[in-house]
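The lines below spell out each chain.
Number of protein chains: 2
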Amino acid sequence: MNLDLSSKEKVVDAAVKLFNTHGFDGTSVREIANEAGVNVSLISYYFHGKKGLLEYLMSSFLEGFLGEIEQIYQHIEEIPVKDSLIKMIDNLLGYQQDNYQVARFVHREITIDSTLIREVMSSYFMKERFYLHEILNHGMKRKEFNRLSAPFVCMQLRNLITAPFLNPQYLQEVYQLAPYDPYFMKNYKKLVYAWVENTLISTKYVPEKLNLPVASVGTGL
Amino acid sequence: MNLDLSSKEKVVDAAVKLFNTHGFDGTSVREIANEAGVNVSLISYYFHGKKGLLEYLMSSFLEGFLGEIEQIYQHIEEIPVKDSLIKMIDNLLGYQQDNYQVARFVHREITIDSTLIREVMSSYFMKERFYLHEILNHGMKRKEFNRLSAPFVCMQLRNLITAPFLNPQYLQEVYQLAPYDPYFMKNYKKLVYAWVENTLISTKYVPEKLNLPVASVGTGL
Chain W
44 MNLDLSSKEK VVDAAVKLFN THGFDGTSVR EIANEAGVNV SLISYYFHGK KGLLEYLMSS
104 FLEGFLGEIE QIYQHIEEIP VKDSLIKMID NLLGYQQDNY QVARFVHREI TIDSTLIREV
164 MSSYFMKERF YLHEILNHGM KRKEFNRLSA PFVCMQLRNL ITAPFLNPQY LQEVYQLAPY
224 DPYFMKNYKK LVYAWVENTL ISTKYVPEKL NLPVASVGTG L
Chain C
44 MNLDLSSKEK VVDAAVKLFN THGFDGTSVR EIANEAGVNV SLISYYFHGK KGLLEYLMSS
104 FLEGFLGEIE QIYQHIEEIP VKDSLIKMID NLLGYQQDNY QVARFVHREI TIDSTLIREV
164 MSSYFMKERF YLHEILNHGM KRKEFNRLSA PFVCMQLRNL ITAPFLNPQY LQEVYQLAPY
224 DPYFMKNYKK LVYAWVENTL ISTKYVPEKL NLPVASVGTG L
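Chain order of the listed sequences is W and C.
For the first sequence, the working numbering assigns the number 44 to the initial residue and increments by one for each residue that follows.
For the second sequence, the working numbering assigns the number 44 to the initial residue and increments by one for each residue that follows.
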């Protein structure tokens, strides 16, 4: 077989497009092959079928996402923690903008309660949690950040960073905005920065202590 | 046919359960009938098939959700706007707790880019946007709230209110928490209240003016 590099990319692009309009279960391997203009056997060759394609999409996207967080974590001692956090937010939003169709698919797919998703994802998410908690705890230790419950703050931060990419449909229908639009993103970033300032740094109003079993740092890996 | 009331409920419960594990497109009418323990013809009888069932689930859930917002809006003059907003947050979180399986399904389903979803939802979401903007603008007019961009604030508020129900899988896997757990919810509410206080009321840090074409109030209906 004469396999040019781009036929793999064609399959990925076609799959993401179809998954975003018909859902993963609503899309057949044959439809993906047709949309990509390739022979159906290529999908077996590259990905060992549809489940393999799902795993490929999720792990390649999430490894990149995690990579952005890891990079910030590795240089955490060098600059104020707030600056590290802002840089991480920018990088994660930029990464999703560069991959917004896959971002949308992956963020939605992890809301499904399936064994496959749980298997593929649990190790990834535990690593992500570890780094996010470490970054936050570092800011608290240095007294740059308010003392807050790491799980709830990380949950909220992650939610802010991913929301426009999980639900572009809502943005589009209700506000005629798109997450890949630089104009939207410029303003959305201001909102996330304000959240960082108001929640983590300003001491005007800190919620009363959250009665949560705060996960000890380091158990996630 | 001897149609007891509960067979309709059985179909709804079975459908939501299957949709949440296999997705809408990955579930057949026959599987729903089997799971519910009813004859497959009943699904046609009640809902005119699977698409009708989707419409029923979405519109009944979202009408209830909208109803909670409308009720707050109707009594907006009577108490401080902040108290109205807190009450709305409590009611919407409570409503989703009472219907958490359907909440999960609906919140996820609206992230799909399909004509059906667009048709079913656009009028609903425009109404919701109208009420949320009105409540927020009311608080700004009364000088209770900071002057902020209504679209971005409403987006963020909606996101905070729905996030735990859209992604319980993440909560469960990463933090062993569940959105229907009263203990989780008690603490989650504190976080949303803190957001209200820090974003809308505290004047410690207000983001620089967002350069957004703010939708004029009232155009949504």
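Derived by calculation from the structure, the hints in this document are not laboratory data.
One should not assume that every hint holds.
Here are the simulated BS3-like cross-link-like pairs (lysine-lysine), alpha carbons at most 25 Å apart as the crow flies [said to hold, decoys possible]:
(1) K125(W) - K184(W)
(2) K233(W) - K233(C)
(3) K184(C) - K184(W)
(4) K94(C) - K186(W)
(5) K60(W) - K170(C)
(6) K60(C) - K94(C)
(7) K60(C) - K94(W)
(8) K125(C) - K233(W)
(9) K93(W) - K53(W)
(10) K125(C) - K232(C)
(11) K233(C) - K60(W)
(12) K184(C) - K233(W)
(13) K125(W) - K53(W)
(14) K233(C) - K125(W)
(15) K233(W) - K60(C)
(16) K60(C) - K93(W)
Next item on the list: For the pair we were handed, K125(W) and K53(W), check the Cα-Cα distance against 25 Å.
Entry: 40 Å, violated
Margin query: So if I understand the rule, the pair passes when the alpha-carbon distance is 25 Å or less; does K60(C) with K94(C) pass?
Written below: Within the cut-off at roughly 16 Å; holds.
Note to self: Run the distance test for K60(C) versus K93(W): straight-line Cα separation, threshold 25 Å.
What the structure shows: 23 Å, holds
Next item on the list: Mind checking the alpha carbons of K94(C) and K186(W) for me, to see if they're no more than 25 Å apart?
Entry: 54 Å, violated
Item checked: Hinted pair K233(W) and K60(C), Cα distance within 25 Å -> 39 Å, violated
Checklist line | Pair hint outcome, K184(C) versus K233(W) [Cα-Cα no greater than 25 Å] | finding: OK: K184(C) and K233(W) at ~23 Å, within 25 Å.
Next item on the list: Compare the distance between the alpha carbons of K233(W) and K233(C) with 25 Å, and conclude whether the hinted pair is satisfied.
Entry: With Cα atoms ~24 Å apart, K233(W) and K233(C) stay inside 25 Å; holds.
Next item on the list: Please work out if K125(C) and K232(C) have their alpha carbons no farther apart than 25 Å.
Entry: 14 Å, holds
Item checked: Given hint K94(W) paired with K60(C) - CA-CA distance at most 25 Å -> 22 Å, holds
Note to self: Hint check: K233(C) vs K125(W), CA-CA at most 25 Å. Holds or violated?
What the structure shows: 23 Å, holds
Check: Taking 25 Å as the top limit, are the C-alpha atoms of K125(C) and K233(W) close enough?
Finding: 23 Å, holds
Check: Keeping to a limit of 25 Å between CA atoms, is the pair of K60(W) and K170(C) held or broken?
Finding: 30 Å, violated
Consistency note: the structure conflicts with the earlier hints numbered 3, 4, 5, 11, 13, 15.
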